[in-house]
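Student: Letter by letter, the chains look like this.
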Amino acid sequence: MNLPLTRRGLGAALLAVTSLSAGAADLTVSAAASLGNAFKALGPIFEARHPGTTVVFNFGASDALLTQIARGAPADVFASADQDAMDRAEARKLMVPGSRRNFASSRLVMIEPAEGALGLKALADLRRPEVRRIAIGHPASVPAGRYARGALEAAQLWTLAEPKAVMAQSVRQALDYVARGEVEAGFVYATDAAGLQDKVRVVAQVPTATPVTYPIAAVAGAPNGAAALGFLDFVASPAAQAVLARHGFGKP
Amino acid sequence: MDSAIWVTLALTLKVAGCATALNLVLGVAAAWLLARRRFPGRDLVDAVLTLPLVLPPTVLGYYLLVVIGRRGWLGAWLHQAFGIQLIFTWQGAVIAATLVAFPLLLKSARTAFEAVDPQLENAARVLGLGEWAVFFRITLPMATPGILAGALLVFARSLGEFGATLMVAGSLPGRTQTLSVAVYEAVQAGQDDTANLLVAITSLTCVAVLLAVGRLAPAARAR
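Those protein sequence lines, which keep their order, are chains G and L.
Heads up: the first sequence begins at 650 in my numbering, then just goes up one per residue.
Heads up: the second sequence begins at 111 in my numbering, then just goes up one per residue.
Chain L extracted, bound-state conformation (with noise of 0.2 Å):
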């Protein structure tokens, strides 16, 4: 029982932090975007990127499936081109926890660009820097403690999310079944003693989690 608990623990890990790096990437892409780009629908598109944080988790698991269900138009599409499932399967997990997740970054990220005083960065283009560089050397840096709060959000809520990934990876343990799952089922079975350990488990990660991200807000609020 003892193995199946670490292995319960590494693979919920793992999931929250692919979920965590991919959220990062796209984050901070759609972030960049929205607070330093003016479009037609910008507001639109801010509002529907942060849906998935009002939508409850199952409405979300359920769009998921039929999406990516092996019957749904993108995952018919990817078994007949690759042979690929996702349900059922770890990488689906990530998907839910990263399209759940998705909100809590795009906020941070585009609050901490917002904060970006967009003097130094015309000064960085006026000395002659390009746009990749003037984002990466100037305009990232500076946002990084905000991005990397919201990067320890993301990865605190991946580490619980529950409703998604249950609808889309299942349960099967080892491959697909985190630590929220398998408090679920010890409590379905009357299992107490493992549904405690896999709750203390959970509390003290999330508790570490928030303690770090305490530390990097002030840092920069500070700026």
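With the rest of the complex left out, here is chain G (with noise of 0.2 Å):
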């Protein structure tokens, strides 16, 4: 009596499991961590333009995307925090070509934590005794950490502030060292400090050698290309600028 039982259950269970896997088709969207509220949003805007499709978002350090990119991940759309990584992607053609295009922008910014904080007021301030860390992305693999890294060296304080560095491994981690309160500054995007405005303070707007702008692309040989190149036209209608503009970000 128990067999029959156990051959349906297990029956089922296979056929629930399937279903999951299959049904729907996924666009698998590999996108710098700085995006991850904006692109959070968009993806059910997507998802009811395109029924049938799942967006599934995959978020890190540009740099790190990359290397999984070039490494065969099944990224269907590749949307990075700056115009060095992309490069590097096109280098490698790993992308399709003509498929770039920017679609948004934002600023670079100094925090402090919100509570015991120094009350820093601008760049120079670093230059203090007390500031004994400073949060920023690793340059090799975050490009908020090319940006930061960029603007100290044409303020002369790189040299200063390199063996204060804490490096984190995308700027979410830059911004999260800030909030809990272990470095006495960091530097990240407008648009992450805006989302932690109860735990960091922004100190200055950080005047950076190239405008901070996103570029987006699709993926050479994906799975889903039809749906990625859907995609990218999708975050440059007003609707997408629309909410990305509400989570701060700029025009392209």
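In short, the hints are calculated from the structure, not lab data.
Source: prediction; values computed, not measured.
Just so it is clear, CB atoms sit at the ideal spot from N, CA and C, and this is done for glycine as well.
Possibly wrong hints are sitting among the right ones.
Stated by the list, open to error - Reference listing, derived: stretches of chain G covered by chain L, where coverage requires no fewer than 3 residues with Cβ under 8 Å from a Cβ of chain L:
#, segment
1, 675-682
2, 786-798
3, 829-837
Both chains come to you apart, so use the hints to assemble them.
Tutor: This is the structure in structure tokens:
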């Protein structure tokens, strides 16, 4: 009497699992960490316009995402936080030629913890001896770190800041270090700081050598290339641009 | 680049060495209590002390962050009273590695102590040795091979600790960037040559440690 029951149960379980993975087509979007909140808001809107497609997000530091794609990760779309990462992606022939476009912009800011802060006022305040640790994304793999390093070098502060730097794996981790009060200052995007206003305080806007613009492109040979191109058109649409603006992003 | 790798290796060995030394003291004390003393809740204590073996390292890393971070209840006190900050320091990395590897030594040491014949200890007491002398001259020497095997496992585990270490100590080259963190960053940055070299060094070190453990274990069984 037990055997038919377990057979039925096993069959039902297998059916459930296979129907979960098959069915709706997946669109995998690898996007820079700083795009997290905005893209999670864009996902349902895109899915409503394209019934049958499920948007799957993969957030991380742009260079790390690039490494994944280079090694064959099945991403359909790649959105990076600086032109450098996308340039390298195109140089390695990983993107569909001609699909690249800029869809948003942001600004780099210097922040400090909201509680127990030193009351920093400008970039030059990093010289103060009380500033012992500064959270910066790792320049080798995080665009925000590259922007910050460029800005500090331009202000002749990099040699001073580098020994104090705590290299974060992504801009969101740098934000977290500041929010927890483990560092005295950090460099993140204005959009990141806006999301945690009760925990961090913006000290100053940091001028960057190149404007902070976000490029997006379709991955060559991706599983869902058609939907990828649809997503690229979507982020340029007025509806998506309005959502991005609500999250603090500027026009491309 | 080469000198940076040796600095990373030296730092990793230092962190693993300190974690092993700390665990030897704490683990041997806890193991002896569990092996030789009966008290209510002994099994529960054993389970709680073994927890780090089962919990994901990131969970342990988060607990540590909450406790010894600048706003944590222990970290805030340390910061106010002594100006000590543990996050982003190699001492923080030692604490993370110690916590994660503690159950390995606890288990090995407890088994080793339980294998020591209590008759020998009682004979020593009859002959007039005090408790400390019984421990250091009878119990500990007989349990040493098992304890050392546990210590080598702790060393190897601390060498490879990643999740908790990254959360607590961060990645400061030369100060808290251990081999496993360096490998992770090299891969993220697409620096395959560096990653290959780091992985090779780490693998060779771990193989050497495991071979040493294999040498000691038969000695423990022979007794």
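Student: Each hint should be assessed against the structure and marked as holding or not.
Tutor: To see whether the hints hold, each was checked on the structure:
1. Counting residues of the segment 675-682 of chain G whose C-beta sits closer than 8 Å to any C-beta of chain L gives 0, which falls short of three, so the coverage hint is violated.
2. With a threshold of 8 Å between beta carbons, the proposed coverage of the segment 786-798 of chain G by chain L holds, since 3 of its residues qualify and at least three are required.
3. Residues of the segment 829-837 of chain G lying with their CB closer than 8 Å to a CB of chain L number 4, which satisfies the three-residue condition for coverage.
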